[in-house]
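Colleague: Assemble the dimeric complex from its two separately framed chains, guided by the hints.
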Amino acid sequence: MSAQPRAPLDRWALSRALTQLANADPATLARRPLREPPEHAARRIGITGAPGAGKSTLVGHLAALRASRGRLGVLAVDPSSPKSGGAILGDRVRMDELAGNEQLYIRSLGSRRTGDGLADNLPEMLDLMDEFGFDEVLLETVGVGQAEHAVRGQVDTVVLVLLPDSGDTVQAMKAGIMEMADIFVVHKSDLPGAPRMAADIRRIATMARHASGGWVPPILLSSATQPASIQALSEAIDQHLAWQAQQPQEQAAQRARYRLRRLIERRIAQFVAEREDSFFDAPLERQIAVALDACRSPENRAVV
Amino acid sequence: MSTQHATAVLGGRRILIGKPGLDGHDIGAKIIALTLRNAGAEVIYTGLRRSPQQIAQVAVDEGVDAVGLSILSGSHKELVADVIAQLRTLKAHDLKVFVGGTIPVEDRAHLHELGVSAVFTADMPLEQVVKTLAELLA
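Listed in order, the protein sequences are those of chains A and B.
In this text, residue positions in the first sequence follow my numbering: the first is -2, and each later residue adds one.
In this text, residue positions in the second sequence follow my numbering: the first is 526, and each later residue adds one.
Next up, chain B with everything else stripped away, as it sits in the complex (with noise of 0.2 angstroms):
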């Protein structure tokens, strides 16, 4: 693809990044968002709380290719399990999801079950994410 550089190793990829729920900060949001930018990913933000329905059909209408939630409110199991239903509804299952902000270790293999393709955490080195999105993408 014409847009795609030599260290872009997420050029050409289409990301949302969604703030569901009801917290208000969104600054690791905001640099995920930049980290995939500077990886070649076209970086669609939906801005703070968001329904999971509307996350879902902006992540088909925008036709990207994965979707992040960004959750800090503790609410992570529920909202997380409403976004996957809502884009099952909307037919939108092959996109990947993957999930950031304050979850618990305990709750990470319940995301998982839930359809979560990647967890990352706040301690995570920003070159780790891409690299795992990188290979979940390929």
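Just chain A, same shape as in the assembly (with noise of 0.2 angstroms):
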């Protein structure tokens, strides 16, 4: 929560620069230096869990009570359609009570070729909110089963939204999503069976064992209809970045790879999509030795 003063958001250099990042190659961002370590980082807040589970509503609210706080950006993130490319970004139908903050910026994002829940070069997007100046980022991921690990690596607090009697439990359970959460949230919570889902998860968080060690993941419920509900929300995560501040910081290295796992990824990706079915004829060996070396920047390849 810096009090100094700044310039006020360049709402329009930002969403060019936003859009250009969202555009870029994987080539072309393999070549940009790994930038410092920033001077001003945003705390970074990553809300996810299955579709229709209250993320967007969650952060809305969220948004609208921690902007009072400081200069808040949020990135949601939506599928693209596998076929056309194409994406219905519409989070921010839930966030409408929201325009005209100043303090305040939300971009919707189509996750276009990543399908772990976040979307492509999502990590340039994370730093450059630091470089305009946010004081904290929300980050709202598709929902997808796997989202959860993702968004572990790119954020500070990771808050996992569960819907009452979903059957939510096993399948937590099964994608090994405990150990990721830092907030469990039973949203919906005026529906049946939010207590006992909010029992439920915490027996079993209680047995999994949290990943960053002494951190106890809180479990909550909430509802659009109760204020206090979301105000506790808040603070929990307060609570939680309070703690984390105080643990050795080890996101940097962890952000970093996560960044050139995803670069690579795609890069082999692209080179794939972009051969004739009879470079697929080859033996397998070579092949992979000519995808490899395609994939290098032209002043480091073997054949051009």
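Simulated from the structure, these hints should not be mistaken for lab results.
A portion of the hints provided could be inaccurate.
To be verified - For lysine to aspartate or glutamate, the following EDC-like pairs were computed, each having C-alpha atoms within a straight-line distance of at most 20 angstroms:
hint	chain 1	residue 1	chain 2	residue 2
1	B	K621	B	E603
2	B	K616	A	D235
3	A	K80	B	E603
4	B	K656	B	E603
5	B	K616	A	D7
6	B	K602	B	D632
7	B	K621	B	E638
8	B	K621	B	E652
9	B	K616	B	E652
To be verified - To be clear about the criterion: a stretch of chain B counts as covered by chain A if any three or more of its residues have a C-beta under 8 angstroms from a C-beta of chain A, and this derived list gives those stretches:
hint	stretch
10	566 to 575
11	583 to 591
Said to hold, decoys possible - So the derived list for chain A, only partly shown, Cβ under 8 angstroms to chain B, looks like this:
hint	residue
12	S12
13	R13
14	L15
15	S78
16	S81
17	A84
18	I85
19	L86
20	S105
21	G107
22	L188
23	A191
24	A195
25	R264
By construction, the Cβ of each residue, glycine as well, lies at the ideal position given by its N, Cα and C atoms.
Modeller: Here it is as structure tokens:
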């Protein structure tokens, strides 16, 4: 919560820079130097959970509450159609009362070729939010099963949103996400089954060891109709951020690794997508060598 | 661009679909949103009953190439003029604006004068909508 005066947010510049980053191809990004640790880094909060669990609604309420304390960005990812590459980005529909707040910037992102709940070039976009002086960024993932793992590496605090009575407990145990979340929220808590769901999660969460050791994830009930429940969630986020700040900081290395992994995957995927069928008729070992060579930058290539 | 597909004539484009004013029907807006998505665009939908000021701000924040306004209330002349004025205030005059809904034929010329690039009517084939927008944004 930095209180120092700074230039007002240039929404046009940010908007253009985000578009440029979203469209940048992996080869271009791979050539960018790794950034220095920033002087000013936004707190990053990830909101994840199944489709329809209430992520956008919760993000909207949290943003309204937390934008009063500083410059707040929301990056909301929705799935891109694998068929057309297009997307309907509708998360804003649930964040309607937020328009006009000078401190708040919301950007909708298509997941594009990224299948892990995040979006292409998201690490770079998060870094850009630091450069534009944001105090906090809320990152809303696509509602897919594996999003917890990817978002874990990109944010300081992971909030997992669950639906009452959805059989989510077993799903959660299967996917190993109990170890990923810092805060559990059973949303739409006015629906039957919410207290029982919370009790189940509590029992399982105490058995599953939290990945970061000492933190005991709180299990909260929330409802869009009960402002006090949103307030409680916001306070839990603050407590986790404060705890996190006391821990040894391994995020920078973790985030750099994720970025590189994604760039390599996309570089290879791009090469494969561009080949004719006949490319795949040749022997494997040779074609792998050709593929790897083609993914090098031109000056490092063995064969051109 | 890496997300481009052979059939995706609107690949890489970002388009806002907005519902200004008080009418409460958005099935038309949703059909257009889906059609544009299937043509490869990333479509940002605002939801119902947004003010012209909200729509213009969202257009800037989301970095869209075009703004589509769906209006069934009969107030299209006022609402379109308002949205375009707000876009100008935010220095977003280079964004293309298109309009759909219940727009009488005799009002179309007026909307074009206000700065609207295309007016779509309910009887227009969806392929035609996509084609017009692809040309507009080429």
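Colleague: Given the hint that K616 (chain B) pairs with D7 (chain A), test it: the Cα-Cα distance must not exceed 20 angstroms.
Modeller: holds (12 angstroms)
Colleague: Three residues or more, CB to CB closer than 8 angstroms: is that satisfied between the stretch 566 to 575 of chain B and chain A?
Modeller: It holds, with 8 qualifying residues against the three required.
Colleague: Let's test the interface hint: is any C-beta of chain B closer than 8 angstroms to that of L15 (chain A)?
Modeller: holds (6 angstroms)
Colleague: Hint L86 (chain A) vs chain B: min CB-CB distance below 8 angstroms?
Modeller: holds (5 angstroms)
Colleague: The hint names G107 (chain A) as touching chain B; please verify it with the least Cβ-Cβ distance against 8 angstroms.
Modeller: Hint on G107 (chain A): holds, closest Cβ of chain B at ~5 angstroms, below 8 angstroms.
Colleague: Let's test the interface hint: is any C-beta of chain B closer than 8 angstroms to that of L188 (chain A)?
Modeller: This interface hint is violated because 23 angstroms lies over the 8 angstroms limit.
Colleague: Need the status of pair K80 (chain A), E603 (chain B): alpha-carbon distance at most 20 angstroms?
Modeller: violated (38 angstroms)
Colleague: For the hint on S12 (chain A), just tell me whether its beta-carbon gets within less than 8 angstroms of chain B.
Modeller: holds (4 angstroms)
Colleague: Take the C-alpha atoms of K621 (chain B) and E603 (chain B), compute the straight-line distance between them, and say whether it is at most 20 angstroms.
Modeller: holds (18 angstroms)
Colleague: Tell me if S78 (chain A) is really an interface residue toward chain B, meaning its C-beta lies closer than 8 angstroms to one of theirs.
Modeller: holds (6 angstroms)
Colleague: Between the alpha carbons of K621 (chain B) and E652 (chain B), is the straight-line distance 20 angstroms or under?
Modeller: Roughly 19 angstroms separates the two Cα atoms, so the pair holds.
Colleague: Measuring from the C-beta of S105 (chain A) to each C-beta in chain B, is the shortest one below 8 angstroms?
Modeller: holds (5 angstroms)
Checked against the numbered hints listed earlier, the structure breaks hints 2, 3, 4, 9, 22, 23, 24, 25; every other hint is satisfied.
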